[in-house]
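Protein sequences appear in the order of chains A and B. Okay, so the first sequence: first residue is 1 according to the numbering used here, each after it adds one. Okay, so the second sequence: first residue is 955 according to the numbering used here, each after it adds one.
None of these hints come from the bench; they were simulated from the model. As the structure is a prediction and not an experimental result, all values here were calculated from the model. A portion of the hints provided could be inaccurate.
Said to hold, decoys possible - In silico DSS-like cross-links for lysine-lysine, where the CA-CA straight-line distance does not exceed 30 Å:
#	chain 1	residue 1	chain 2	residue 2
1	A	Lys-350	A	Lys-196
2	A	Lys-115	B	Lys-997
3	A	Lys-116	A	Lys-375
4	A	Lys-693	A	Lys-674
5	A	Lys-699	A	Lys-375
6	A	Lys-204	A	Lys-375
7	A	Lys-116	B	Lys-986
8	B	Lys-997	B	Lys-1023
9	B	Lys-986	A	Lys-115
10	A	Lys-116	B	Lys-997
11	A	Lys-679	A	Lys-693
12	A	Lys-148	A	Lys-350
Stated by the list, open to error - Just a sample of chain A residues kept apart from chain B, beta carbon distances all over 12 Å, derived:
#	residue
13	Arg-582
14	Glu-765
15	Arg-796
Stated by the list, open to error - Covered stretches of chain B (in silico footprint by chain A; criterion: 3 or more residues with CB under 8 Å from a CB of chain A, positions within the stretch not fixed):
#	region
16	975-984
17	992-1002
All C-beta atoms in this analysis are idealised placements derived from N, C-alpha and C, irrespective of residue type, glycine included.
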Amino acid sequence: MPEWFAYVRGQLHLRGFRPEREAEIVEEVARQLEDAYGEALRLGQSRQEAVQAAEGHVADWTALARELEQSYRGRESSMTTLQNSAEDRDFRKGGRFSALTDLRQDVLFGLRVLKKSPGFTTVAVLTLALCIGANTSIFSIMNAVMLKSLPVHDPQHLLVFQWSARHSPKVHSSSSYGDCEMRLTDTSAFGCSLSKPFLEDVRKLGLFSGMAEFASAGSITVSGKGEAHHASGQYVSGDYFQTLGVSAAVGRVLTPNDDLPGAPAVVELQYSYWSREFGGDPSAVGTTIHLNGLPFTVVGVAEERFLYLTPGTVRDISVPMIQRRQLQARWAASREDAGSWWIVALARLKPGITRESAQSQVTALFANDLMHGEKPLAKPEDAPAITLLPAQTALSGVRRQMSAMLYALMLAVGIVLAIGCANVAGLQLARAGARRREIAIRQAVGAARGRLARQLLTESITLALVGAALGIVVAFWSSRALLAFAASNSGRPTAISADLDWRVLSFTIGAALLTGILFGLAPALGSMRMDLTPALRAGLTRGHGKASRFKLGNLLVVAQVALTMVVLVGAGLLVHTLQNLRSLDPGFATQKLLTFSVDATLTRYKGERRAQFYRDLQQRFSALPGVLSASFSESVLLSGSLSETDFHLPGTPPKAWAQADYLPVGPGFFDTMKIPMVKGRMLNQAEFALEGKLEDDPKAAAKVVTPAVVNEAFVKQFFATVDPIGRPFGANGPAMTGDPDTEETAGWTIVGVVRDAKYNNLRREVHPTMYVPSGDAGSFELRTAGDPESLVQAVRAAVRQAGPDLPIVGIQTQAQQIDIMLFQERLIARLASLFGLLSLLLASIGLYGLLAYEVTNATREIGIRVALGAPLAEVLRGVVRHGVTLTAIGVAIGIGAALAVTRLLGSMLFDVKPSDPLTLAGVTGLLLLVALAACYIPARRAARVNPLVALRHE
Amino acid sequence: MSFNRDLNKGSAELLVLTLLEGRPRHGYDIGKLIEERSNGQIKFRIGSLYPILFRLEDRGPIAGRWLEKDGERRRRTYRLTPAGRKFLQAQRSSWEEFVSTINRIVRPSHA
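Next comes chain B alone, as it looks inside the complex (with noise of 0.2 Å):
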């Protein structure tokens, strides 16, 4: 099963969001991370992820830089900005209480 179509625009900030909260990293690299993460559940293809890192990158919460190495060219890297930090604590919590409310409906009762 595939949830790539239903993921609207805050739930895949808050996974690129997420995923850039330790480290930063290529674009290239957020996108397979996300694959391996949920089991190849969720793909992100170059062409769906790339607008979002860049609108995330636009308003402010992350930031990226073009980062060269000797003999390769250069690529660009992302990292949380502080206000991209306070921005991703919001969103966890509102997404947190919003799967247990969700849950409570779906789950079927034991008793």
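This is chain A alone, in the form it adopts within the complex (with noise of 0.2 Å):
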């Protein structure tokens, strides 16, 4: 037998006892055990069996010590003041620990009840896992986006240069790659790009402890290791990376040296793009690589967070600023003078220096360079300024673009949520009632009111709790998936990463918690209110405590259906936008089209030469089997690239500008593209052979009028009155604006009209647009004769035969292309509809479980009926008028709540109004056909009560 005394004496400590007392106590419980193992073994348990029954009669040692010694205090008068305070001291401590172990004992209870009813639990916990889930996953990659501070030392004190004017600066050229806004208006004007004559009169300042500069090197031929590819580059100042804080991975970083006048060509690699291309070689560091045909040395890798410093720009390669004019053929010299702006800044202060004299120091400086500068870009009313901010907020990149699409879909799934609880909530309300009859005896026996509430919300957040867990795990699969999508549809990688850091969780756990206590507060009050009854309400039924609780469950089945009809008539419209959009007709066939760039820089080829290269390709593409023609043009429709051109209009005041969308194309283009001639002819051969001579004679080419093409809307807009062809337009020179600096152009004359096609978008109106001939220009398209995909490995054979190593870049249909296009709204139909179904499915079960609840506790009632001769029908249709009347009440208020809030949809929609009627009325069908479906199981179940067996109920 076990020595129950010495077992008792090892676990129970007790303090403040006389030591007789303290064995006495200690006997008996031990004679307590011994009898609790004598009877186990008695029942036919083996001693060990019998041993862990004895144990199991009290599972907290520590608990019962602090009971024992609380009942004692009173008694033992005769204690010193020490011991008393003492004893003081341990029961404080003591008390803290029983509300620990009382919040331990109320979750651990919580969890049997929730296992007790599988059904219940499984139904509330997916509910809450994948409504839970959808909002973190949002939340991450709206933390990734908007949130995440950026990947370099001390963020917070790293500013930008932005500049800002009333009126835009008569800069010659200025460029932006989407690191920050700008605007460039007659009203006003700001971006962050910046000429490299003032950054360099900036740093004779001496405000800054380092200045970070970079510019878009835009694609880069990459070659000499692997095949060749393209990889997008950036132009850095020598301390761009001391200034951002961003040590080497491997190597070194780039420094103040490599950025002089005949220092050697090196380049420093990013972390993913090493990865990637060299598969994560440290030895690559040292090996020269060529960069557009050029020998580059690689110096480093960076290290692996700096995954971007504009938010979803990734830029695989940094050289020294100092090499754009070797790296970039056609550099134009004037890109280097005080009116060509393309450089973005960053900066540190140095000690001592506040950002506001910084910024009033560098004001001037900009002011004076501008108005007093060789060629003066403003007057003083425009008032140029430069502005510092924090790198955080100015490099804004896909932020913007993608910020609205971001709110709208936290909006979705918070709307999902919301859904969610209002659905566990109603699950909750009707467990209560089952539940009822316990509460009240538990009541009855004593416990509290306010812990039983408490242990109704403990049980509540558990659950939330528990969803929230599994709701992690779909947000990780989610997010990752939604990134994966993302980047195999928008034709660029994303960089971001949308990492469940600590602001993710705490964001799912604040989550988890307001819904618990949001679902677990209405049958915790009403727990609450019960109690609250006395006996001067004895008259008190059943029928009404029922009623107030259907009034709830009906309010939340309301509130639900109202809210699912927000989320469906918010995708109905992004859907209807996405077909729109798909169906629009561009105005050329987009089937069978296969289109790509074949790069020819390393080839070296210069005008004629040029010229003949890409005729030659084109031949070559043309007698490919299955290929019905190729042409090219300077780029492919729909792909977002965009050239415009000002011309002066005959006729109009010498100073006057009209603006055209220009694009140069090759021979048989619009055949190719299939866009209908209207009038005149096509751009013959002839014109296309002289085009290819004048390409590197700019001088030459001014003097000869070009041909052009030019679409409906060009002749409505500048000759609507007269017969278009033959038309001359665009010439121009000091002769005609009085200015000897105008540019002498011949311009051109129209020889024919096209239909009109979509351009660089599908959402922009087709603007005027001329063709004009090209003779050598990036990208291909073919017309085929079966799928376009099959002729991607001859189109590849074609290329090396023409010349080794040419990268051929985005190879794709043109349907893939446009699919490219409408990656976000796609993205964002595809997640509204999702968001929109779950609410869907989630208001249907809410509605189901009322009505079903509401039949059950009817049962009695209806057999009344049934039995005495109501027809089955008219019992049936009163469960369905119910169920149907909830939702017409939740489809009307959700028709209120819809209009305000897809308002905000505005600009994501195309071609369909917020207030659209088809989507409203749809879905408001959608909503009545499930609500039908909902209510239908319980109607039967009601028609087949037996009268007999409901009377028995009771």
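Two chains, two separate frames, one set of hints: put the complex together.
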């Protein structure tokens, strides 16, 4: 037999008892355990089981000891003051401890209760996991795009130079690569691209401890290491990495010495690019690679966390700015002067210099340069100024473009969560009805109402936390899937890592707690109320209690339907928008068309030779089996690229400018794209040949009138009343403007008119457009007889034959191109539909649950009615009527709410009004249909009630 | 269903006192009897029953005594004191009043 006395001695630590009393307590407890042990043995348990049974009688020895000490305290008057105070301290500690123990007990008890009703628990946890998961997922992307701090050292002290003026300064070129917001209008202008000379002057002010300047270098051809490919590059100042506080993972970062005239050509790789193209091989450092055919030595790989500087923009390689003229063969000398703004600059203040003082000194310099430079770019009334903005906000990148979408999605998932809450609250209410007896008895035997309410709330919160834990799993997978979808469909790397950091996790836990409190509050309050109805309301019948609970249940269903309506209408509008864009006729045939670009930089061909090369390629492609015709143009239609040109229209004042879209095209372009000719003729071979010759001779080109094919919009706007064929336009020169600086151009003459076709973007209206002959243009279009994708290998082979190691960029069908263009629309339409369906599912479960509960409760009443001869159809109708009424009220409220909310979608919609009656009607129909289905099962059950059974029910 | 958690001190004491009304009992037997008579709805583990016995003895309604039998270890037996008897009566009538009040509210009316 186990020695129970010793066992209890070892477990029970009592304080403040006289030794004899303590011994008695230990003995008594030991005897009782021994009794329990003996009994277990008698019941046939093994010795080990019996020991376990006995030991199980005291789960918490500490709690037992505290309880005994508490009871004993009042009696020990002989204790010294010192002992008393020591004990009080212990007791206070014990009090806290027991509060924690209570919480633990509540949670454990809650889990046990939840385990007892697995159906309820499963539905509730799944609902919460989906809702909280969807919220976490969208929030993690929002966090990545909008909230995460820049992956550099001390990002909050990094400042960006933003210029502003009342009118657009008269710069001759201004480039922005989407790093920050830019506006150039007649009423307000701002941006953060600046000129090289100005930034050099800023450095001389000595206000900053470091300046990081950078500018996109566009797409760079990398060769000499595996297959030639394109990488996105940037030019950086020598102190770029040092200023940002970014170190090297391998090798070293670029230094100011690398950016001095005559410095060896070096390049720094971005970490993920290095992993992708060099397999993360440290020995890549020190090797030589070819950028646009020129040798550069790899000096290092930037540290891993430096994924991007501008959110959403990945730059694979960084080259010192000094290399720009070598790397870009067509680098215009004019880009170096004060009138060419192309560099974004960041800086850190020197210690002791305030932002205000730095800002005013830089502004003074900027205003002076602009107004009194070699060529004045602004007037004093333009008030040119520089603002030093925190990099975190100024470098917005994709943030602006994505923020509307993210807010809309966040709103949608927020609503889904609210519906989920209402749903689980409804389930809880139904269960609270069933648990009424249990709760009443528990109160009767003395459970405090606060404690009961706390228990119920703990249950809800436990449920929500379990849901949230699962939700994090849901979010982990879904945000990954979402980013993968984004990466494979947007046509560019996303540079977003939606990691679950502390912000995301606190969001999730916050959402779970809020959710638990929200859906737990109703039943908890219900239980409190029940206790507050003392004897004076003894006449209160069950019917009353039911009625009030039902009102709450009805309210929850109406709210769910209304919220679902909002999400569904939003989703409907977005799907409608996508359909509108998809079914839009862009003015050319988008099917069976393969598009790609061939980069001929590496051939170093120029002028006529280059034109010959493209014509040769065109012939090779045309000859491929399965190709009906092949042509080329400066850029692929609907790829986002756009060229525009200003020109002088005959008959207008000398300094008035008209504007048109501009696209250089190759022979057979209109045939291949199937853009129908309306009038006149196409461009002919002689014209293409001439253009090829003039390509590298701007002076000669300026004297030749270029033939142009224009679209109908062009004719409508500029030559509406006359026959456009043979009309000249765009000729300009000092003789016309009276300004010797005016560039001499001979202009164009219209030879043909084609039907309108979209250029860069489906959403953009067709503008007046001119198509001009191109000798060399990088993008090819192949009209095919069958599946365009089956030609990819043949195209690659043809390019290899024409010249080795030429990168083919962006080979895809026109349909894929359009899909990429519509990426954001597709993404949001898809997600909104998903959330819409989720809402619908939750709302229908909510409706079903309420009606099923109602039918169960009304079984007796239904039985009586059936016994008295009510037709079954009427019983059925009663249930359905209730469900449909609730749905109809919800829909009515929902329409109002939807009209208010969908206006926020405004800019995301295309060719559909936020109040589109078709969408509203469709969604209403869908909701009513689903509501009917949700009513059907409970109604059937009601109709099957056997009167006899029902009457015995009570 | 188990009501253990909601038994407040008063109710638990009432149960213990009731069981000691007829005759003295061992501590462990009291727990077993409560479990049997409640059809297992109320279970008293030693860890929760003993403090009640301790407290009741400490305050007077019950008295404990060690009883020794030949060949067995001594065990403590509890009995109701005269003060305990009065205390039980008062407790019982206030309980009954409470239950009937609750029942008036909780029981469905069959009108």
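Comparing the hints with the structure gives:
1. A:Lys-350 x A:Lys-196: holds, 21 Å
2. A:Lys-115 x B:Lys-997: At roughly 20 Å apart (the allowed maximum being 30 Å), Lys-997 of chain B and Lys-115 of chain A satisfy the hint.
3. A:Lys-116 x A:Lys-375: violated, 83 Å
4. A:Lys-693 x A:Lys-674: Measuring from Cα to Cα gives roughly 28 Å; hence the hint holds.
5. A:Lys-699 x A:Lys-375: With Cα atoms ~24 Å apart, Lys-699 of chain A and Lys-375 of chain A stay inside 30 Å; holds.
6. A:Lys-204 x A:Lys-375: Status holds; Cα separation ~21 Å.
7. A:Lys-116 x B:Lys-986: Distance of about 26 Å is within 30 Å: holds.
8. B:Lys-997 x B:Lys-1023: holds, 29 Å
9. B:Lys-986 x A:Lys-115: holds, 27 Å
10. A:Lys-116 x B:Lys-997: holds, 19 Å
11. A:Lys-679 x A:Lys-693: Distance ~28 Å between Lys-679 of chain A and Lys-693 of chain A Cα, so the pair holds.
12. A:Lys-148 x A:Lys-350: holds, 26 Å
13. Arg-582: holds, 60 Å
14. Glu-765: holds, 71 Å
15. Arg-796: Nearest chain B Cβ is 74 Å from Arg-796 of chain A, so the label holds.
16. 975-984: holds (count 4)
17. 992-1002: holds (count 3)
When each numbered hint is compared with the structure, a violation occurs for hint 3 only.
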